[in-house]
Amino acid sequence: MEYTLKEMMTIMAAREIDNGDIVFCGTGLPIMTAMAAKCINAPESIIFFETGAIDPKLEEIPMAVADPRVMYGAASNSGLLEAFATMQNRKTGRRVIGILGAAQVDRYGNLNSTCIGEYAQPETRFPGSGGACDVASFVPRFLVFMYHEKRKFPLKLDYLTSPGYLDGPGAREREGLMPGGPTAVVTNLGVMHFDDDSKEMYLACYYPGVTPGEILDNMEFSVDVSRAVEAMPPTEVELTILRDRVDPHKLVL
Amino acid sequence: MNSSHDKVMTLEEAIARFVTDGCHISIGGFTVNRNPMAAVYEIIRQGRKNLHCYAHSNGTGVDELIGGGCISRLEIAYGGNGKAAPTCIRFKLAVQRGQLLVEDYTNYQMALRFLAGAMGVPFLPTLSGLGTDIVAKWGFSPEMRANHPELPDKKLEIIDNPFGAWGDAARVVVVPAINPDVTIIHVQQADRNGTCRIEGLNFADIDQVKAAKSVIVTCEEIVEVHQLREKPEYNSIPFIHVDAVVHVPFGAYPTACHNFYDYDPVYLKHVSHFAKDEKLYAEYLAKFVHGVKDHQGLLNLVGKGQLDTISADKTTGYAIGLDRR
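So the sequences go chain by chain: A and B. For the first sequence, the numbering used here assigns the number 1 to the initial residue and increments by one for each residue that follows. For the second sequence, the numbering used here assigns the number 1 to the initial residue and increments by one for each residue that follows.
Just so you know, these hints were derived from the structure itself, not from any lab. Yeah, the Cβ is synthetic: ideal placement off N, Cα and C, and Gly gets one too. Mixed in with the good hints, there may be bad ones.
Here are the computed lysine-lysine pairs in the DSBU-like style, where the Cα-Cα straight-line distance is at most 30 angstroms [what the hints assert, rightly or not]:
| hint | chain 1 | residue 1 | chain 2 | residue 2 |
| --- | --- | --- | --- | --- |
| 1 | B | Lys269 | A | Lys57 |
| 2 | B | Lys276 | A | Lys250 |
| 3 | A | Lys6 | B | Lys269 |
| 4 | B | Lys276 | A | Lys150 |
| 5 | B | Lys269 | A | Lys152 |
| 6 | B | Lys231 | B | Lys154 |
| 7 | A | Lys152 | B | Lys210 |
| 8 | B | Lys137 | A | Lys150 |
| 9 | B | Lys293 | B | Lys276 |
| 10 | B | Lys231 | A | Lys57 |
| 11 | A | Lys250 | B | Lys314 |
| 12 | A | Lys156 | B | Lys314 |
| 13 | A | Lys91 | A | Lys57 |
| 14 | A | Lys57 | B | Lys314 |
| 15 | B | Lys269 | A | Lys250 |
Calculated Cβ distances over 10 angstroms to all of chain B for the following chain A residues [unchecked claim]:
| hint | residue |
| --- | --- |
| 16 | Asp18 |
| 17 | Gln121 |
| 18 | Arg125 |
| 19 | Ala228 |
Per the computed footprint, the stretches of chain B lying under chain A, defined by three or more beta-carbons under 8 angstroms from a beta-carbon of chain A, are [as the list claims (entries may be wrong)]:
| hint | segment |
| --- | --- |
| 20 | 8-21 |
| 21 | 92-98 |
| 22 | 131-144 |
| 23 | 199-211 |
| 24 | 251-264 |
Turn these sequences into a full structure, and let the hints steer you where they fit.
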């Protein structure tokens, strides 16, 4: 069955969600991923938003985390403080997985969503942290969506907005952060994971028709490709659910 | 002040009284939802300058205040506005041109800062931000802060956990309280004394209100006091915090107001298009903000047909099937 790149990225990320996860997500591919996982491989996962909506019905796709569509049929509608408390709560926090996007990611999975250039008067200003730094600071694991381009995978970030593994093993603990960090970076060419010991990004799989060399050509830093395999493309079942139930009006995909 | 007297007034009067040049302001809502837009446009119309604004993720409202030339300093977590503007356009341009002094925090940090202000404590701790440039890089220099007694000396500070390892944390980031001169929110229902009922998510509105020295509430409906007193547990804000109540139907337009109307994707897209170009944006402000007398004037320009498309469904609280492409 034919599939688009966005469908491939959504399914690759959705497969990283486990049943029972509490999924923190933003809009676009992150919400697609959360909804796909709930419909396909993690029916008991729970979707929540930093605005304070927990487990809404989501009969239509929200286009912002404050979209009124996140409020309908929710278990509770509260506010920002309650949402961020859910990520730190001793009972619920350890079940939360975040899904984030960024302008840059480095080899340790640190993210920049603030600016390119000098902070005081940048060449390009992005929206800023929002809740990204909070979720990256608090929860045990998060996924990152990126497009593979050299400038988006730089040797050094222009601004470190959200903490990954900082400068390597033990760094989160030294800073006083909760145990956690990114587990996967899903891009338009493949999926990167992080080595348990070095905390460095490595290539876990590349999409059909893509070579590991092509991926390295689109990064400033180099990563281990020795463990990389060809990704399993979306199945007919996954694609059918994605198209018929998750985004029937093609708002995102 | 703030007693149980009638606080209903016009928006023109409320803005003239409580929003002054150079004052510290915060507005309620989040990106495309329940921003007090009628008040934002009235502030622009009255030509307020040099406002110091505190925001977590106020998309539409803050971006229009920046575009309208009202804000010179901004403490913010997120300047994005959903699909219409992944990065708010006037915000982005003003920062890149060095026309706006910005201090970046996270959403949780800003929510805690409003809570600290509401509680009357000087700061609150969090584990968010450790190891990041949000701690390391400051937009307001220590010198600039020293020259402004109304600002804390520091953006934030990392301190050792005074309780040792209690709570499994060795260090915490402490963020300073915010007490704005004025907070403006838009709610579904208020009574004439200022008691408010917010439907759907409250975001950080309640603490923004309780942290402020003065509060303006705009509302879809003014209801009788006894109506809100029948189910007090559904009320969000008691009247003692509120200074002005203004009846403004569609007062959050073009952002959403849960159970009343959706955000207007057409208008938001239209503003984003104009915001990218100086001449077009000036024309937009001249026609839709300065060219009308009040919010009803803007709604008349938009037209009833357009407003009907965003009317909220009674069950879901939003406009089912609204074309949001």
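Outcome of the hint check:
no., hint, verdict
1, B/Lys269 with A/Lys57, "holds (27 angstroms)"
2, B/Lys276 with A/Lys250, "holds (27 angstroms)"
3, A/Lys6 with B/Lys269, "holds (23 angstroms)"
4, B/Lys276 with A/Lys150, "holds (27 angstroms)"
5, B/Lys269 with A/Lys152, "holds (27 angstroms)"
6, B/Lys231 with B/Lys154, "violated (43 angstroms)"
7, A/Lys152 with B/Lys210, "violated (41 angstroms)"
8, B/Lys137 with A/Lys150, "holds (25 angstroms)"
9, B/Lys293 with B/Lys276, "holds (25 angstroms)"
10, B/Lys231 with A/Lys57, "holds (26 angstroms)"
11, A/Lys250 with B/Lys314, "holds (25 angstroms)"
12, A/Lys156 with B/Lys314, "violated (51 angstroms)"
13, A/Lys91 with A/Lys57, "holds (23 angstroms)"
14, A/Lys57 with B/Lys314, "holds (15 angstroms)"
15, B/Lys269 with A/Lys250, "holds (18 angstroms)"
16, Asp18, "holds (24 angstroms)"
17, Gln121, "violated (4 angstroms)"
18, Arg125, "violated (4 angstroms)"
19, Ala228, "holds (29 angstroms)"
20, 8-21, "violated (count 0)"
21, 92-98, "holds (count 5)"
22, 131-144, "holds (count 7)"
23, 199-211, "holds (count 8)"
24, 251-264, "holds (count 4)"
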